[in-house]
Every structure is written in C-alpha cells, then in structure tokens.
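Colleague: Sequence:
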Amino acid sequence: MQTESSNLLNPLELLKDSGIPKHLLYQSKIEVDHLICPICLNILWKPIACGQDKCFQSYCEVCINKWIQDQAGDVVLQESLYSQSLIVAPDSGSGSQYSSQSSSFSEMPQQIHVETTLPNCPKCKRPFKKTSIPIIHNLLDSIQLSCIYEECTTKPGYEQFQKHILQCPYRRINCSGCGLQQLQNELEQHENQCEQVSIECSKCFNKMSRKLFQLHSIDDCVQSQFTNKDNQIAQLSKKIEELNQKNQLLEQKICKMLKGDSFDTMHQFSFKTMFTQNYQFTGNQAIEAKLIRPSFNLQKQKNDFLHFYINHKIKTQAVQGIIWRMRIQTLKGNLLIGICSTLCHYSIDFIINKLGEIKRKEWNENKYKLLRKGNFTFSEGDTLTFQFMPLQQCLRITNENRHIVCRFEPTEIIEMGDSFFSFFSLENQGDSLIFI
Numbered sequence: 001m002q003t004e005s006s007n008l009l010n011p012l013e014l015l016k017d018s019g020i021p022k023h024l025l026y027q028s029k030i031e032v033d034h035l036i037c038p039i040c041l042n043i044l045w046k047p048i049a050c051g052q053d054k055c056f057q058s059y060c061e062v063c064i065n066k067w068i069q070d071q072a073g074d075v076v077l078q079e080s081l082y083s084q085s086l087i088v089a090p091d092s093g094s095g096s097q098y099s100s101q102s103s104s105f106s107e108m109p110q111q112i113h114v115e116t117t118l119p120n121c122p123k124c125k126r127p128f129k130k131t132s133i134p135i136i137h138n139l140l141d142s143i144q145l146s147c148i149y150e151e152c153t154t155k156p157g158y159e160q161f162q163k164h165i166l167q168c169p170y171r172r173i174n175c176s177g178c179g180l181q182q183l184q185n186e187l188e189q190h191e192n193q194c195e196q197v198s199i200e201c202s203k204c205f206n207k208m209s210r211k212l213f214q215l216h217s218i219d220d221c222v223q224s225q226f227t228n229k230d231n232q233i234a235q236l237s238k239k240i241e242e243l244n245q246k247n248q249l250l251e252q253k254i255c256k257m258l259k260g261d262s263f264d265t266m267h268q269f270s271f272k273t274m275f276t277q278n279y280q281f282t283g284n285q286a287i288e289a290k291l292i293r294p295s296f297n298l299q300k301q302k303n304d305f306l307h308f309y310i311n312h313k314i315k316t317q318a319v320q321g322i323i324w325r326m327r328i329q330t331l332k333g334n335l336l337i338g339i340c341s342t343l344c345h346y347s348i349d350f351i352i353n354k355l356g357e358i359k360r361k362e363w364n365e366n367k368y369k370l371l372r373k374g375n376f377t378f379s380e381g382d383t384l385t386f387q388f389m390p391l392q393q394c395l396r397i398t399n400e401n402r403h404i405v406c407r408f409e410p411t412e413i414i415e416m417g418d419s420f421f422s423f424f425s426l427e428n429q430g431d432s433l434i435f436i
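Heads up: the sequence shown begins at 1 in UniProt numbering, then just goes up one per residue.
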C-alpha cells in the first residue's frame, strides 16, 4: 500500500482533521507553498482566510475551526478562573467594600463582567474574521493529485478529489458477511458468493446466512411463518390491551371533566397591577399580596379599590379545568374578587364583595351594578378555592372554612369571550392575601 491512509475504509477520514497530504500532489504549475495550511502543513482543503487588512492568510476549514474552538475554550477557562478569584479571594484591606468581614452574600457583587474578544488569527494575532479569497480557489483548481490507493492511476483534480476517493474502484470495503476487505469493484461479486452474507427468505421473512439459507427447507419455512404469525398476534393483542387501558383512562377523565372534578392546579403565581407603588408581592411557594400604601387612586383623586391581576389567561374553551387557592391573611376593609375580559381599564368585570353581592361593570363604565346577592361571605383567616369548569362554563368559589359556595354563571363567563383573568382589590392599608 502507498500510505497508511490507503487502508481507510472511509477515505473521508483522511480529510477529517487536516488538509490533503502533500505527498499526494501529482502536478502543479505554481509554487505549492502558497497553498499550504500553516496549521496542519498539508494542502489546503476547503480554505477559509483571515479577512484582516494585510493578512489574508488561508487555512483549512477544519483546522481554523478547531483553532477557534480551542481559543474560545481558553477564554472561557480564563474568565471562570478570573471570576472565581474575584469572588473567593478576600481583600484584607480595611477600605475594601467586599472584604472577608461582609455580613451577607447579598453584600458581594452578584455579576462580574469580563471583557472578551474574538479568537485571534494564528498569523496576524488580530481577531479572526472569516472570508474567502477567489484566487486561492482558482490556484487549487489548477493542481492534480494522486489517488490514495496506489493501484489507481487516475489523477483527479482538486475539485474531483473527494468524489474520486469515494468512488475509486480500488477503494476497500468490508464484506457485509465475512467482514473481509474487498475492492469496491469486486465487492458485489464477492458478496454474491460469500456464505456468511445475510439473506432474507421471501416467504417467512427470516434472515439467515447464505449457508443456512441453502439448508432452509419448506417445513422450516412454514414453521417459521406460523411462529411469525403467532408473534404478530401476540403483539397485536398487547397493543389492543394497551389501547383499552388508555381508553378506560380517557373515559374516567371525561367523566371527571363532566362532573367538574378534573383540574390542573395553579402552583406558581405572578401578578400585574397598575398600582405598583401600593402593592407588595413577596414569597416563593406561597406569595403574599399586600397593600402597603393607602388606596388612593390618583386618576379618580379619591380612596378606591386598587386592582391586581393573576397573570394567567384562563381559556373559556379549554378541555381541562383549573384550580387555585387563596387565604385571606389580613382583612380590615373590604375585598373585591372578580373576573375581567382583559388586563386593561376597558373590560367587562364581574365581582363579589365580602357581603356576598355580585356586581357587573360594562367596559365603558366606571360603576358596578348589583346583579344579585347571595349568602356567600368571607373574612380574615378564610381560605378560598377557585375552580374553573370549562364544560359547565362556570367559576366556582368555595369558602373552605364556612363550607359555602359562590358561582360566576355560564352567562357571565360567556361575556368574557375566549379567555378571562382573575383579579382582586383591597382598600385598607395593611390588608393582605396569600396565594398557595
């Protein structure tokens, strides 16, 4: 063999990590040193050049990409070590803001920014900017190369080199049966005779070596067909059983949905409000919404209920219901619990207050009009459960402490359109709700 690369079963391995070996150059009308990659020292393969002024050095694509990755890895490592040194190393100086005497982690810098640059070109040492130089491609097209297989006398050009080494009749490929290497142009003939090549029976579809296939009798074939059919029946029976189980689960789920017992639980809460100076939201698992300033509405120039919304759009045509819970932590004033069609002033609202009065507000009005009054009440310490049941088109609010229920009815939900939001309004400074 001419070179160690001649034994490659996949000749593209030759070009995986570097350019074309120089000894494969057959003929060139120019000085080949201009076409050498300075990283791998082989003939350029798929060249990429540095676009910096007065540089324009070309490299193999694979070589410069690996160089860039290595340089980027070094930058990340240096940033990591630098960041650790800034945070861990205490400053013994008395004037240091972040000394070892810091009382809490919050006093230490939370973010450290390290200025980074693009990896540098190996030649000019300036940030590498990829470009292409047409004259280099033209020069490469003018050279002739030798095939990597010494028996082959073809001298492909640069553009044809990759295609040729893949299709060269002298390329060696492993036999799919015995695994021995065969010339590419002799492989088909060899595999047509090899006793270890796998053959599929056209009747029972079993695969076996050619040697065993020659001993494959009609009785064996029929028995295999019966065995295959039995296996198919067993697989189908198992599939039917799995589908029946899924069907039962779906039926149970549908029954729960029809009864209003199937819900997704809202575990995480976020809120929106126009009155960000008046409300404070704290906590992780359980979030407290607290009115920390007097409920003075600057727009109306009077004390008023200040809304805040759960930032979760509830779809009225959903298949699955949704449930969430809220505890009244402190309540010295009144509380409004409502639903609205949008997160803006111009929305249709329905509310219930602590007296059990259900009221409605049109999108172009500022006043709530009484619709009805029930026996639903709540006060400080009560826990309320909210359950939206899309199939019944109603929002059910249950006071768990008093075992009483209030509902926003289907006619009210329908007015919300395809979705709605839940909101709450406090009026007394210090009052708070906890969402759990």
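Simulated from the structure, these hints should not be mistaken for lab results.
Treat the hints with care, as some may be off.
What the hints assert, rightly or not - Straight-line alpha carbon distances no greater than 25 Å define the calculated PhoX-like cross-link-like pairs of lysine-lysine that follow:
(1) Lys163 - Lys22
(2) Lys155 - Lys16
(3) Lys313 - Lys272
(4) Lys272 - Lys253
(5) Lys207 - Lys272
(6) Lys238 - Lys272
Bear in mind that the values here come from a model prediction, so they are computed numbers and not experimental data.
Colleague: For each hint, tell me whether it holds in the structure or not.
Modeller: Structure-based check of each hint:
no.: 1; hint: Lys163 - Lys22; result: 19 Å, holds
no.: 2; hint: Lys155 - Lys16; result: 21 Å, holds
no.: 3; hint: Lys313 - Lys272; result: 12 Å, holds
no.: 4; hint: Lys272 - Lys253; result: 33 Å, violated
no.: 5; hint: Lys207 - Lys272; result: 66 Å, violated
no.: 6; hint: Lys238 - Lys272; result: 51 Å, violated
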